[in-house]
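**Student:** Now for the letters of each chain:
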Amino acid sequence: MNFDIAEFMPALPEIFVLTMACIVLLVDVCLDQERRVITYVMTQATLVGAALLTVALHTGGRTVVFSGTFVSDPMGDVLKVFIYLVSAMALLYSRQYLIDRQLFKGEYFLLALFAVLGMMVLVSAHSLLTIYLGLELMSLSLYAMVAVDRDNEIATEAAMKYFVLGALASGMLLYGMSMIYGVTATLNLAEIAAYNADISGNEIVMVFGLAFVMVGLAFKLGAVPFHMWIPDVYHGAPTTVTLFIGTAPKIAAFAMLMRLLVEGLGGFYVQWHDMLVVLAVLSIVAGNVIAIAQTNIKRMLAYSTIAHVGFMLLGVLTGSEGGYAAAMFYIIVYALMAAGAFGMVVLLSRAGYEADRIEDFKGLNDRSPWYAFMMLILMLATAGVPPFLGFWAKLSVLQAVVEAGMLWLAVVAVLFSVVGAFYYLRIVKLMYFDKADDHTPITAGIDMRVTLSANGLAILGLGLFPGALMALCASALL
Amino acid sequence: MAIEPVIFWVFSTILVLSAGAVVTVRNPVHAVIFLVLAFFTSAAIWILLEAEFLALALVLVYVGAVMVLFLFVVMMLDINVAPLREGFVRNLWVGIPVLAIVIYELWVVVGEKQFGLDKVAAPAGHAADYSNTKELGGILYTVYMYPFELAAVILLVAIVAAIALTLRRRPQTRYQDPAQQVLVKRGDRVRLVKMAAEKKQ
Chain A
1 MNFDIAEFMP
11 ALPEIFVLTM
21 ACIVLLVDVC
31 LDQERRVITY
41 VMTQATLVGA
51 ALLTVALHTG
61 GRTVVFSGTF
71 VSDPMGDVLK
81 VFIYLVSAMA
91 LLYSRQYLID
101 RQLFKGEYFL
111 LALFAVLGMM
121 VLVSAHSLLT
131 IYLGLELMSL
141 SLYAMVAVDR
151 DNEIATEAAM
161 KYFVLGALAS
171 GMLLYGMSMI
181 YGVTATLNLA
191 EIAAYNADIS
201 GNEIVMVFGL
211 AFVMVGLAFK
221 LGAVPFHMWI
231 PDVYHGAPTT
241 VTLFIGTAPK
251 IAAFAMLMRL
261 LVEGLGGFYV
271 QWHDMLVVLA
281 VLSIVAGNVI
291 AIAQTNIKRM
301 LAYSTIAHVG
311 FMLLGVLTGS
321 EGGYAAAMFY
331 IIVYALMAAG
341 AFGMVVLLSR
351 AGYEADRIED
361 FKGLNDRSPW
371 YAFMMLILML
381 ATAGVPPFLG
391 FWAKLSVLQA
401 VVEAGMLWLA
411 VVAVLFSVVG
421 AFYYLRIVKL
431 MYFDKADDHT
441 PITAGIDMRV
451 TLSANGLAIL
461 GLGLFPGALM
471 ALCASALL
Chain B
1 MAIEPVIFWV
11 FSTILVLSAG
21 AVVTVRNPVH
31 AVIFLVLAFF
41 TSAAIWILLE
51 AEFLALALVL
61 VYVGAVMVLF
71 LFVVMMLDIN
81 VAPLREGFVR
91 NLWVGIPVLA
101 IVIYELWVVV
111 GEKQFGLDKV
121 AAPAGHAADY
131 SNTKELGGIL
141 YTVYMYPFEL
151 AAVILLVAIV
161 AAIALTLRRR
171 PQTRYQDPAQ
181 QVLVKRGDRV
191 RLVKMAAEKK
201 Q
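So the sequence lines, in the order shown, correspond to chains A and B. The first sequence begins at 1 in my numbering and counts up by one. The second sequence begins at 1 in my numbering and counts up by one.
What the hints contain is simulated information worked out from the structure, not anything from laboratory work. These numbers were taken from a predicted model, which means no experiment stands behind them. No residue lacks a Cβ here, since even glycine has one placed at the ideal position from N, Cα and C. Some hints here could point you the wrong way.
[To be verified] Listing some non-contacts, in silico: residues in chain B with all C-beta distances to chain A over 12 Å:
#: 1; residue: L15
#: 2; residue: A21
#: 3; residue: V32
#: 4; residue: N91
#: 5; residue: A124
#: 6; residue: R174
#: 7; residue: L183
#: 8; residue: E198
[Stated by the list, open to error] Here are the simulated EDC-like pairs of lysine to aspartate or glutamate, each with C-alpha atoms no more than 20 Å apart in a straight line:
#: 9; chain 1: B; residue 1: K119; chain 2: A; residue 2: E203
#: 10; chain 1: A; residue 1: K362; chain 2: A; residue 2: D437
#: 11; chain 1: B; residue 1: K113; chain 2: A; residue 2: E203
Please model the entire structure based on the sequences and the hints provided.
**Tutor:** Below, the structure is given as structure tokens:
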């Protein structure tokens with residue numbers, strides 16, 4: 001490769017985030033606990049700066065640099081901007097929560113920054129090697145974030161589970177990648193796509209590799225039957241970490257799915273289509289049905305995540321441009337809705353008290369009509385009730401599925417969405433029709449109140465005018 | 001007869017047997033030692049492939065550092081293996097058919113039919129002045145510059161995570177503070193007390 005400045009320009013956001021992470025690391029070491037807020041402000045500034053750089057460098061074209069290991073394209077830019085946005089929201093929601101629990105430490109923000117860097121690498125990966133490295137960078141930071149509250153036994157157990165299963169999934173993914181590399185003798189996704197397996201008769205090895213890659217992907221996405229870690233990790237992790245894990249990494253995992261399956265192994269559409277059908281149907285069914293039995297809202301939202309991942313897979317398995325755009329729209333919408341829903345759990349929690357039982361939402365309307373209204377928007381949107389944003393996400397995926405001629409899949413998805421509406425509406429019922437057991441006033445900083453309200457209103461506002469975001473996703477994939 | 005096939009078969013046999021021993025021996029310390037043997041023999045096979053640098057790195061890094069650390073951990077943990085082995089015979093009836101299917105699948109997929117010498121040619125030998133290390137260095141810092149940097153970042157994250165998870169100030173732990181020790185004055189430690197001289201009784 002040539003070490004020209006032009007070669008480095010597309011990766012400027014990554015370089016910026018890495019440099020800032022190192023600066024934050026050095027600055028944080030010199031800070032007293034009273035001035036720890038500087039670390040927080042610098043972290044948020046890094047995310048804003050990275051967003052500005054990504055937008056400024058957006059060309060609308062596709063550039064591959066670093067000897068074919070890095071790609072900058074519109075899909076990557078759009079996904080990255082949403083990753084910054086959701087991560088910044090997650091950190092903002094966590095500030096007061098962390099201070100109340102003596103977890104307001106520099107490492108938390110530092111690990112979050114490194115996780116964001118890993119997601120950026122994953123989104124821009126153009127080689128099997130960079131996909132794996134980005135994934136590991138993201139996952140390692142997340143494992144440590146789950147365990148950040150060392151004195152909490154459930155969190156430590158969740159971190160161990162997450163780490164062991166995550167390592168197993170990485171191993172599967174790597175084994176599949178080694179098979180693909182063994183046949184094609186290249187790590188570059190474009191060259192893998194250009195490899196013609198039919199002529200060389202190595203199709204069976206490629207499919208074998210694809211199956212292992214699929215297992216790794218399903219683990220990371222949390223699709224049934226590789227979902228066992230999701231409820232335990234979501235439940236055990238500190239709520240703000242759950243908020244972070246449940247949002248931005250899902251966007252990155254979608255990018256990984258697109259890069260590996262569509263860009264790299266697009267020629268094996270027939271094979272991965274069938275695998276995705278199984279994963280999607282099982283996820284939608286199991287996620288929606290098991291969520292009904294949950295009494296802990298974090299576990300309930302975990303199963304809801306599984307169902308949503310299944311829905312997103314429906315969009316990808318159509319194999320059409322429209323389907324990919326719908327899946328991308330779906331995952332972005334999901335990340336925004338999940339950030340709001342977990343944000344509400346964080347809002348109701350206070351020092352020494354976790355509002356993570358479903359009963360904690362009882363009578364929220366008496367305690368604070370405004371937040372009850374926000375939660376109402378979020379729950380109805382997640383359930384897919386019009387005119388909220390979640391409805392359009394579901395609708396666009398279903399349209400793509402019907403257009404692809406897979407009517408039975410759409411019917412299954414709609415049926416189980418109706419089943420799923422039950423547990424979202426139960427929260428609404430508890431908030432508006434039950435008496436509150438707990439009358440503690442809801443206190444939160446002005447930043448949290450404004451952002452959470454903006455989050456809720458955005459779901460409503462974008463739901464009324466969904467065209468712009470949908471058009472953005474459609475144009476990003478062309 | 002060429003010497004290479006002999007070397008290959010000898011080391012491959014030891015490799016497979018020791019890898020099998022890793023999962024079947026009862027004592028975890030013995031398992032670790034067998035793993036060392038497996039690494040060592042695979043390094044020998046890599047040398048046969050003219051990948052000298054990787055073979056030496058495997059011996060130095062894995063055998064020399066990682067496995068020794070691993071051995072320390074296994075010895076310190078004092079794992080009671082008896083409960084882990086419970087149900088070994090009972091689950092064997094399920095395990096053996098699964099194992100047979102996996103071996104058959106692997107044989108179909110990565111067997112002679114797919115990766116035979118007619119499909120994938122044997123790598124050509126190099127001249128005596130060929131340096132494997134130089135070749136690796138040449139592409140590691142140019143073609144693979146980006147993944148190389150990423151690997152460095154992952155190591156940095158590992159350091160940060162390890163420190164964040166293990167460095168904890170427990171209030172009840174006593175530790176030395178060199179700054180405090182240096183700042184100590186004589187007056188803080190020694191108290192001169194004036195006493196009236198005592199008389200012998």
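**Student:** Decide, hint by hint, whether the structure agrees.
**Tutor:** Status of each hint after checking the structure:
For L15 of chain B, the requirement that its beta carbon stay farther than 12 Å from each beta carbon of chain A is met, with the minimum near 18 Å. Here A21 of chain B stays apart from chain A, with its beta-carbon at least about 21 Å from theirs, past the 12 Å limit. Look at V32 of chain B: its CB is around 19 Å from the nearest CB on chain A, clear of 12 Å, so calling it non-interface holds up. Non-interface status of N91 of chain B relative to chain A is upheld: no Cβ of that chain comes within 12 Å, the nearest being about 19 Å off.
The beta carbon of A124 of chain B is kept farther than 12 Å from every beta carbon of chain A, the shortest such distance being approximately 15 Å. No Cβ of chain A comes within 12 Å of the Cβ of R174 of chain B; the nearest lies about 20 Å off, and the non-interface call holds. Against chain A, the non-interface label of L183 of chain B holds: every CB pair exceeds 12 Å, the least being about 20 Å. Under the 12 Å C-beta cut-off, the non-interface status given to E198 of chain B relative to chain A holds; the minimum distance is some 53 Å.
Annotation: proposed proximity of K119 of chain B to E203 of chain A holds, straight-line Cα distance about 13 Å (limit 20 Å). Taking the CA atoms of K362 of chain A and D437 of chain A, the gap is about 7 Å. The hint holds against a cut of 20 Å. A threshold of 20 Å between alpha carbons decides the hint, and for K113 of chain B with E203 of chain A the separation of about 12 Å falls inside it, so the pair holds.
Consistency note: the structure conflicts with none of the earlier hints.
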